[in-house]
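Starting from the known structure of chain P, fit chain Y onto it as the hints suggest.
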Amino acid sequence: MPTSVPLGGGRMMAKHGTEPNAPAAGSPVERTYLEAIRDAMAEEMERDPNVFLLGEDIGAFGGAFKVTDGLHARFGDSRVIDTPISEAGIVGAAAGAAHMGMRPIVELQFIDFISCAYDMLTNYVATARYRAFLPCPMVVRGPSGGYVRGGPFHSQNPEAAFLHTPGLKIVYPATAADAKGLMKAAIRDEDCVLFFEHKYLYRRIKEIMPVGDHVVPIGKARVAREGTDVSIVTYAATVWRALEAAEQLAAEDGISVEVIDLRSLLPLDDDAIVATVRKTNKLLIVHEDTRTGGIAGEITARVNETCFEWLDAPILRVTAADVPLPYSPPLEDYVLPQTSDIVRAVRRLAAY
Amino acid sequence: MARAVKTPTRSKAVRGTTVRPSDALSREQRLALYRYMRLTRTLEERLVALYRQTKVVGGLFRSLGQEADAVGSAFALEQRDVLSPLIRNLGAMLVKGATPLEVLRQYMAKGNSPTRGRELNIHFGDTDTRNFIGQISHLGDMVPVMAGVTLSFKLRGEDRVGLVYIGDGATSTGAFHEGINFAAVQRCPLVVIVENNGYAYSTPTHKQTAAKQFIDKAIGYGIVGVQADGNDVLAVYDVTREAVDRARRGEGVTLVELMTYRRKGHAEHDNQSYQPVDEIERWAEANDPIDRYMRVLRAEQGVTDEEFAAIHAEIAQTIESATDAAEASPMPEPTDALVGVYADPPIIPPLWFRESVRSAVDANERAAGWGTYDG
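Chains as they are written, first to last, in this note's numbering: chain P, 1 to 352; chain Y, 1 to 375.
Source of the hints: derived by calculation from the structure; they are not laboratory data.
A hint or two may mislead.
To be verified - When the alpha-carbon atoms are kept at most 30 Å apart in a straight line, the in silico DSS-like pairs for lysine-lysine are as follows:
1. Y:Lys207 to Y:Lys55
2. Y:Lys207 to P:Lys66
3. P:Lys206 to Y:Lys55
The shape of chain Y in the complex, shown without the other chains:
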């Protein structure tokens, strides 16, 4: 088994000389990859419009320019496998079956959002059928959680693997270190993807780590580390698929570093004053993952303008109807806030001073005996 850190995968160098996992992808699957990337971008563009109309209640987080790393990696999983997305992984969630309507309702804080208005943006999941887990804001925390998720697969002998994303910044957390080390020691069937997009909020990677590259950390954990071009969706698929296959074979954890670039700010309000303008422009012009993949599809699969247009039209229609449905969705009822803290009791009693729960106040408190307890 490979223990050493491999040299970065160069898709052009590899292509034609080695059998790549993506060689087995059908034309239909290749178009699906494209559709998910385009759906991610178009959905985020719709969210920006809604944000500007103040219909998005909280912050808005974009993955512009990173669609390939999210989509290509999630595409390497089976439905039974569990994915743990981070804030730039809308595309991965869509691959796992999250719907634009869910995302829109969630951002708009609707009562029928996946978290019923409790959580924001793409902080939601589904472990019943689609198998992705909602993240929290505390970076790194999902790595030990996914160590445990995949440990359970190992203990039960289930043929399932896990994939967890982490940003370049979150590799600095204790939780990342403890989680990946635990998973490595236990040889959990886990793929850890470090999305190196150059910035953690305003902090450039060189202020985050003194390591030359994140795969160097794999050596210290005794796991395989591989690096790939995160803006080449097929290269992302290949490297993730190989890591997934290793995990499935019982060969433990792989650290995958995907090289990409964050073309928008940390969140929509961030003016990116710390990112050189020409740097952003260079990535947009020369290394947009969707533009690149369109060229590949045209050249290698003969995809026509008409085929692209049909995909775009279908996406536009999907997002249009999802937006209408989301806007028509009700906000939660205030007292819904009291539901779901515990399994038992499923609802906690309201506090007595609430006007909206007068009946509950009457039930919980007797004005005559208030301040005393007589059984």
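So here's chain P without its partners, still in its complex pose:
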């Protein structure tokens, strides 16, 4: 019975050997996932005076999770703006400022509240360039995801709701280096980027950061672990569960698992997905989001269209069950994907 939270122990170190921009020479700095996001925003605010922050309690208080801690003291009232509780207003105001050449970064106190700005994001922001030639270079970021006993309104993964909206980009990093590099790319992007941050990873992930101006391109996946027998395509917190499962499967079964960390969900890195399918011929897609209408369905369809003949087994999914995320630990652990689920699914694929 999957009742434990496998990642609850120590910190994990990300492996970045397969990344194009590996750490260069210089004094290495260790940063948490959360600090990496803060660093990226601070560096971009230094680099570009048009970058500014909007959000609830993000000023002197530093935000509910302290992601913006210290930025108000450093950049002042005019660039770190505390707002009323008005998600639609904040996102709409960011769009207007972005039209005028500013580069706003909106913090949603929890990503669950993005639903309050759904109209602005989908009707206004996402269509602005296409219908009116209005640029919307803005970032909407916020703490996302479960495994934290947050209940139905502080644990959501609403990425699929926006995956279906042309005009938006979506990133969801799993490592601190990617959190920093994708944030910098998102700020510099000419369109609106939804930047999902996994709150379970905020302080549990700590790693040596690449030095210099570390930018991770949007739309490029990462090989988090090389393997030859079965591929797992995933993103965010479940990257770590997939890696944990891969370790267990290598040790107990001798199964070689390749783990692809998508990093960007919109656009999807089709090349990386096709490459891993052609390599292992067996695909498991893992996401923390609920099953029906989740991104796994889209990936399955693309693999079917582009490299069906390379498959030696049906594509499988390990996802959350189709229920609102409950609060009580036995319920939350039951609903969310656990390492044991991934192990089971990979064994099934390997034996097929």
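The following block gives chain Y in isolation, referenced to the frame of chain P:
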């Protein structure tokens, strides 16, 4: 009918010169008000102890110093009336019949909590008999919901009213505006209480609104706006009772602003670094709603130390036995997570990869035919 915004109710100025609704309260009812306020505070103190023992699974939200606004307002309702509490309204829920055992089980994520472990803290309700509705975290959302609840009373000709609480921060949401405007246009029998406790998480009221006071917003909606001292339980009762009576008479929505102060952080983990220490101390020393009401009860009702002690002893005993029962309550079964998403089907099928549902896997999937469909 009054359309203008009234001046703030000053209980001392009013007392003795006007007939107040609270004048009709019996001594027993006045002691009940006290008991609910004290029960709220003592129950929250027990929750803090359990939180520190990590027996509370999620966050803990206090209403210290705001007990009068929750209790006094809910006390103005009849049982048939529907109340929609917010996160600082434990006291209002207790008045409506929520029990300490329910609250403790809910915070401890027990399987027999009112939401069966699905929801946290005081996010629960009962629309069968006690008539209060569970909130969600998205602020402002309950205002349009309560517009609809009270619209149904109007449409069916039922003699019932609704009361919805909202914080100073949540008045900034679109849902608040749309809901209160809808209710005003429809002349729904609804009382909207804005609890102005000075802070929305870390954000002070002056960063939430440029209006001088929240009752000023009533003018824009074409409804009555009244303000009262939220730490004077009888003043709260009076102003709410008058609003409830207006709603019952078919005179529509009232916006009630209750002036109070949040003496604890947004949640228990919040260190309140943004609140001046002397400000918190000043409210605690000079304007604690329970201390104030005890003085009133002693002076005006002759309540003795022995009577207070008896109430305190009864509350202690209630909370002690509720804590024992809550701690002894089981956690939910994991597969309970699949129950209740829809009326039909009442349970959704388990996903095949779950170890704990092997029989269900066998029922839903045949290993030999896995990956194919042959009918």
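Check: Does the structure break any of the earlier hints, and which numbers would those be?
Finding: 1
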